[in-house]
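The chain contents come next:
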Amino acid sequence: MNFTLSLSGADLLLLLPEIFLTIWICMLLVVDAVPSRVSKRVIGKLSIAGLSATLVALFWFYINGKTGTLFNGMYVLDPMAIYFKIFIVASTILVVSMSIESVERFPAFRGEYYFLVLMSALGAMLMASANDLVSIFVTLEFTTFGFYILVAYLREDPKSNEAGLKFFILGAFTAGILAFGISLIYGATGKLILTDIAQVMGEPSVALIAGFLLLFAALGFKIGAVPLHAWIPDVYHGAPTPVTAFLSVAPKGAALAIMLRVFFVTLAGFTAEWIWLLVLVAIVSMTYGNIVAIAQSNMKRLLAYSGIAQIGNVVIGLAAASKMGGESIMFYLWAYLFANLGAFAVVIAVAHVINSEEIEDYSGLNRRSPFLAFAMLLFLLSLAGVPPLAGFIAKLYIFMAAMKAGLITLVVIGLVNVVISMYYYLIVVKKMYINEPTDPSPVTVSPTMTATISVAMAGTLILGIWPKPFLDWTVSATQIFSHLNIVTTTQSLTLPFGG
Amino acid sequence: MLEQTFAATQIGFPILSILIFLPLVGAMLIWMLKSDELLVRIAGIAVTGIELALTVWLLFAFKTHTAAMQFVEQVDWIPAIGVSYHLGIDGISVLFLGVTALLSLLTMLFSWDLAIEKIKGYVMALLALQATVMGILVSLDLVLFFVFWELMLIPSYFLIKLWGAGKIREHAALKYVLYTLTGSMLMLVGIIILDLNYQEVNGIHSFDLLALLTAPMSADKQLLVFLLLFFGFAAKAPIFPFHAWLADALVSGPVAVSVALAGIKLGTYGFIRFSIPLLPDASRALLVPLSVLSLVGIIYGAFVALAQSDLRRLLAFSSISHLGFVVLGLFTLNFHGLQGGLLQMINLAFTTAGLFFIAGFLYSRGLQDDLTRYGGLVTPMPALAGFFIVIGLASVGFPGTNGFVGEFLILLGAFKAHWAFGAVGVLGVILGLAYILWYYERAMLAPPQETVIRDHRGNERPVSTLRDLNPREWVIATSLTIMIFWIGLYPAPFFDMMDASVQAVVDRVDHSTRFAMSSVSREALP
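Residue numbers (my numbering), protein chains in the order written: chain A, 1 to 499; chain B, 1 to 526.
Incorrect hints may appear among the rest.
Stated by the list, open to error - In silico lysine to aspartate or glutamate, EDC-like type, Cα no more than 20 Å apart, as pairs:
#1 A:K159 / A:E358
#2 A:K66 / A:E141
#3 A:K40 / A:E104
#4 A:K166 / A:D234
#5 A:K430 / A:D472
#6 A:K430 / B:D370
#7 A:K468 / B:E73
#8 A:K166 / A:E156
#9 A:K323 / A:E273
#10 A:K45 / A:E101
#11 B:K167 / A:E436
#12 B:K167 / B:D370
#13 B:K63 / B:E73
#14 B:K416 / B:D499
#15 B:K118 / A:D32
#16 A:K431 / B:E117
#17 A:K468 / B:D76
#18 B:K416 / B:D510
#19 A:K431 / B:D510
#20 A:K430 / B:E117
#21 B:K63 / B:D496
#22 A:K431 / A:D361
#23 A:K323 / B:E170
#24 A:K66 / A:E101
#25 A:K40 / A:D78
#26 A:K166 / A:E141
#27 B:K167 / B:E117
Honestly, the hints are just simulated from the structure, not real lab data.
Just chain B, with the same shape it has in the complex (with noise of 0.2 Å):
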């Protein structure tokens, strides 16, 4: 079994449990506000700024070169099935706290003077979603995780149906608790099975990450398992060919949503988290099929987001193409895709999630959906058009950028692991930055065509008035900026954190054969 460092001896009070529930009780402090509009706004960002005072304090603490499980919490839940409250957090968990605490913050920043009906719900969904975000990447306990998982949908649902703006956001709403809600039943039947597994060596039942680690499985129930988990976590993700409900609901969702939903990428993480570790054998003998459907999705992907013209559906279909690419560097399962992989999530929620908020200041200043109408819109926003060609292109890998270290790291894996996978990536590449250039020329640099935006309430007003940045969407750009060359220029810290942990899971899957390997299906294996 790992190591585990309890959180009371590592910072003395139980942090993880007061990451995710910081936000529950905020939310539940401001149902009992008065509807103070002002005093809601100003609630949600203490709630999330604290949340990102106290990640920030839990990175600082965290120790960097070990594989251990961190600022541990475990107490019995429901003992009768072997289910217990047992939060970590190590290399692979760490950096996504961190990027859900700033991302929360951002958006409660943007929401900050958008008129949005109903503030209080808004807010409180807000939190509520982060707090389950927040606990599925803190859990180490399957049940509870999969708790997290589910009721993550509750929040989400209600955003994209009540504050959506499209047309189609009912649609969109169910679309998504239904497709998710389906992968997430087959992920039971698989948790269900690893529990069972479990229970015939040890007899008794446990649903823990760390124990179940310790229990040998037979190849052919690993790759049941196997398959039942990635229904639910290539849904989340989601990965091509599971991806339908993402546009329409980034789409019609509100940008709050989109940047949570698209930015924090929970699907893949599942992969790295309990897939792979759990299942090495199954993981080592699907690697060319899923490496397959990976290149698959990246290349769909692109060329899906090439004809889009509006900026969201392309966003949502160059998401499908960058978790090809998280996929890819995964299963090579060697040192430099797993890590390049990790990386590149915490990289594409920062970029991703930039451009999502690049959009929501595009629409935010009454602009249609279909930027490529308009052109020239350089010349109203300069700084709102150099910050969306920086991100622009820090999301499809320019050398400078997070997206470069991520990408190199992911396509160097991928060639030691076959060298037409690495090809065919980089292909993925040249598609990226060809579909964000082709975006970017005709809405922004184009001769001006359209002159005149009309606003939902039918107002006119030309293209020329248009205002650059205000202050705070001067806060939100900037601070993903820095994020960006930060990881782009001096990555160091951030392998730090994590290469102890990545290596780990490398082991695990290399050797595996020692103890996970069953006599009957060894040679069915590639």
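Pulled out of the complex, with its shape left as it was, chain A reads as follows (with noise of 0.2 Å):
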């Protein structure tokens, strides 16, 4: 392959973001390093203010219609990579913000989670991008790296440090299937961009099937899908909570962005031939999450468990295989940032005060501090699929999207499930609502947490009862799906399985 590289001050542009970013990740580690021992909190809201700006500059993007792609053709900038962006954009700003009273807790190395945060959100939003097999190798591990010392953060912590080893050693085997995965595809096609193996590949050979078994596994691991879920708890319940909540948004979201250009782009002549593993993905995730939900006692395990079940709704999306698919996943996206977020900052505020995650320890909340109280409730129920939360049209748009693909069986079981979900979700309710406090005195929430608890509970309720513009711009940014919708309007709409 002939490789010719030209950068011209155009397409530098469109790494703008990236590029703001990078500089302004190496001012930090500056700053942090200077000998006046700038307090750790100027730190944190720096970090917010350069991701505001990456935020502004990705909105420019958008609004001018900013696309095209660069490396020939390694990375891409369409509307859906800048709706990607702006997504992981959003929840690093959110988890630095709940993050800041955390670090302070910290036994050592402040300043430089902040660091590693905004690298593994640089590493995410390049993986928005990755349009090739090998950057979509490079930017994942970058992602991941970030998140090896992030999860272990806690020295001290048997806890983190088990998760952290656990988290490093699939990690890295997952890097492993993954390069595997990579090779029999490049072996098997010659070519490495999504596009063009899509162009290449006729009758699919078994090293190019076992490729993109291996690369699915890969990306499985990353989004927590069962059978590649078992880290998921030992790692969300190890980790500090502020890397828990940022490990189940963004590296998701950034993932489910690369599936995307997998399955709807690149296998997209192969609908058939893949929608039935994505069903059973679909099916095994939620009723396995939510079952194992029911019993747990802790709050970051139930989380953990419900987020699961979460990623079995929006692999429902992908089975769907058609550009509603599509937008019912990225919106799906938003609802689950603002709610599992959410849920994870007030897990945070409780535990500032009473130092506990457990679920017994959230007993009369509500007479402790309303505000936590309702805010859980909120995001439990907004995670739960209740009008006229987010979460609910979330739900009904991928019940939709796979409805249309004739996707009735999965769709039952995806409804049965929700109303699994209900059941641990009303028992935390019930726990904070109408147990007896053991300790009655007051959780009190600091400024910050209680404003970035706001925004997500604003996120939460405008999304559900006012859905119109983030729909409209998921519309628009999943045009490169439209191939799909001639596939599935064809389909009846009784077949049990589609396909």
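Two chains, two frames, a set of hints: combine them into the complex.
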């Protein structure tokens, strides 16, 4: 392959948000290192400022319709990439703002925390643009690298160390799988760029199928879909809570961007072959996640299992294999972002005062902090999909997309799962509102946490009550999947599993 | 598409939105009030009072003898999937609004002097419940309807759980939520299929009832959607055999929730609002199984009610029996049956709710659940006993009361459908008389057995010192009794309101062959 790399100023402009963020991150590292001992809080605020500037740049890209490809098609900036970048940056802002106080309780390396979070966010942003197998590998590892350290950040805490080690070993293993898959696909097609592969793929050979299965396994690990979920509960439980929150949203979103490209672009001609795989993953993820969540006594573990189930819902949208499926996934991610980050923020705020994440200790939270209890109620109900919150519209959209693709059985299983999830969410609600607190002292919430939680609440409500602008944006960002519509409208409604 | 009269031209302001959001705004204002108990109670009565006044205004402005949708409001909500904020009422829904507004006010009045912990939350939850019920009744968009349908669970859940009295209230609240949630999830699938069917025909998404009515649908798809919707409505109603949550929720919840859940028949409202007009072929195809199911419900509910000694449990099972009558009437699919079924839903709102209020009066005097232990309660409380028997007889269809008109029409319709349905239905009426009279006899008239009542604090006092109704209770009981006799003796104004819409439903079921049948399974249907 002849590789000539030329970069013009206009090309570099497409990388502007990433370049800016890189410079900003380096600057943060310098500020942290100068001997004047700047308060770590300032670094947190600087991080938010940098991320906000990146967000503004991305919005500018979106409004002006800036698109293009770089590095011979390795890197693509299309409306979908911008959409996911905005998603990642928005989630990082929320994560950083909920971290600020937790960081002050860290034993060491307080400044580096922000550096690592932002590096991972940068990696995730690049993932959203990855358009060939090499850039998928590089950006994926780049993102995960920061997390290896972040998960094990509490050096004195054996749980955190254990989580870090588990995450590292499994992550490294996944990297191997991913590399192996890539080599198989490259070997079979001689192409790296996702759109090129689609063109040369005739009748898929065994090597190619194995390659894509390995690729799917590696991405499935990132989003934590059953049967690649085993790391999630322990890592979520052991990692510092803000890291858990970050881990549960940003990398999953970025990995889904890659999955959307792989399944809806590269493999668009083979929907009938892979739909059953995704249907199975969706069913198992939802059912396993929800049923195991019932038995949890720790809030973070409960959210971990509920996250597995939520990812099962997202995979339903993937299985729909249509533009609408893509739209529904991307909208779902926003609903998930606000509800999940909001719930973790409440967990952090509660843990700051009572130093516990056990569900039992949430008893009577309504007496101790009506604000936190109400926020948690809102987030849990949104995760369960109760109208008129964001989660309801998102679930409705996903189920509609799946029904349109003829996956009725899958939808019915999904809805049964909604009922199961409602059960354990209501158990938490009951603890907060009905049970008497063992210690009735009020739980005070700092202004930063109040602001973070309020933003998440506002997002959850606005997306539920007035989703039109978001949906319009989502619809316009998924134009690259328009070719999929033709396939689905011809399918009949009553087929049990489609395909 | 049905004719629509917009609110702007008819009454000049969006009255239906106001009916939905006024209680919510009221609840928010109350939340901001200082925790002055008296003020909170007054605010609750004020909001429900204004709501009732608005509803009465609406009832006067409502045009009779037309099937048109009135007071319509329509705004795009989620255009990407064809969801709109579409409100409107016709002869089918209009009376429910009046019933809801009246019962809400009476509930507030009833709660006036009860000692209630966290009164602020209680009043707020009641107002939220009223808002969601109003939303369910006026929504013409199925997603909007579903939103309110689901939202209703939240205030009811908290009301049962936080302000219930029974020992099993936590269990009951969860059971209620999970039962109805399972049903409504299946209903959601049905709603989506309706939309996708519309999209197949017209190329765009829509969840609008009036638009969906225009889309033809094959008979087998109709059957599927009907069953899916049926689970949702049947679990909420609840009709036999989906009733397992009802008795627990009604017995352990506060009286206010019992009144709302048993008084406002939302499940069966769903049948006449959505299932029958949208799926006429399926309705006809399922006429026999549904009639049989409702007859089983009538007899089963009545027999179980006979065996109860707890008044509220008896009312819960009598409610299942009554809902059997309603469903029997609706699914005769002829004019009298539908008219009777619809009127009976309104009737039951007064009678069932009235009996729950009576039960509430008795419990607020410290009497235990099992009234048959006492006997002779008529002596200390003659007025209460009088209202008890009047409302009780009305609930089982005694001539001269509203229940008679409703049940008579239902049985007339049932006989027209098949003589056997009518015959078994009549048996249900007799059993109804039996359980209510027998219970009344044991609790009120029989020679006194236990003469001391022990309330939950362990205080004891003799039965003879029980006081009779106070003025507020008089107001509640009298207003319900007036409605009972009004409908019983002069039902014409009510029929004027509903007749045209009922006729439209009948036409739709009759003529549906013209535009809704596919050639596929025409022969498969009876």
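Hints, one by one, checked against the model:
{"no.": "1", "hint": "A:K159 / A:E358", "in the structure": "holds, 15 Å"}
{"no.": "2", "hint": "A:K66 / A:E141", "in the structure": "violated, 27 Å"}
{"no.": "3", "hint": "A:K40 / A:E104", "in the structure": "holds, 7 Å"}
{"no.": "4", "hint": "A:K166 / A:D234", "in the structure": "holds, 8 Å"}
{"no.": "5", "hint": "A:K430 / A:D472", "in the structure": "violated, 37 Å"}
{"no.": "6", "hint": "A:K430 / B:D370", "in the structure": "violated, 30 Å"}
{"no.": "7", "hint": "A:K468 / B:E73", "in the structure": "holds, 19 Å"}
{"no.": "8", "hint": "A:K166 / A:E156", "in the structure": "holds, 17 Å"}
{"no.": "9", "hint": "A:K323 / A:E273", "in the structure": "holds, 18 Å"}
{"no.": "10", "hint": "A:K45 / A:E101", "in the structure": "holds, 11 Å"}
{"no.": "11", "hint": "B:K167 / A:E436", "in the structure": "holds, 17 Å"}
{"no.": "12", "hint": "B:K167 / B:D370", "in the structure": "holds, 15 Å"}
{"no.": "13", "hint": "B:K63 / B:E73", "in the structure": "holds, 16 Å"}
{"no.": "14", "hint": "B:K416 / B:D499", "in the structure": "holds, 19 Å"}
{"no.": "15", "hint": "B:K118 / A:D32", "in the structure": "violated, 51 Å"}
{"no.": "16", "hint": "A:K431 / B:E117", "in the structure": "holds, 18 Å"}
{"no.": "17", "hint": "A:K468 / B:D76", "in the structure": "holds, 9 Å"}
{"no.": "18", "hint": "B:K416 / B:D510", "in the structure": "holds, 15 Å"}
{"no.": "19", "hint": "A:K431 / B:D510", "in the structure": "violated, 53 Å"}
{"no.": "20", "hint": "A:K430 / B:E117", "in the structure": "holds, 17 Å"}
{"no.": "21", "hint": "B:K63 / B:D496", "in the structure": "holds, 9 Å"}
{"no.": "22", "hint": "A:K431 / A:D361", "in the structure": "holds, 9 Å"}
{"no.": "23", "hint": "A:K323 / B:E170", "in the structure": "violated, 44 Å"}
{"no.": "24", "hint": "A:K66 / A:E101", "in the structure": "violated, 37 Å"}
{"no.": "25", "hint": "A:K40 / A:D78", "in the structure": "violated, 36 Å"}
{"no.": "26", "hint": "A:K166 / A:E141", "in the structure": "holds, 16 Å"}
{"no.": "27", "hint": "B:K167 / B:E117", "in the structure": "holds, 17 Å"}
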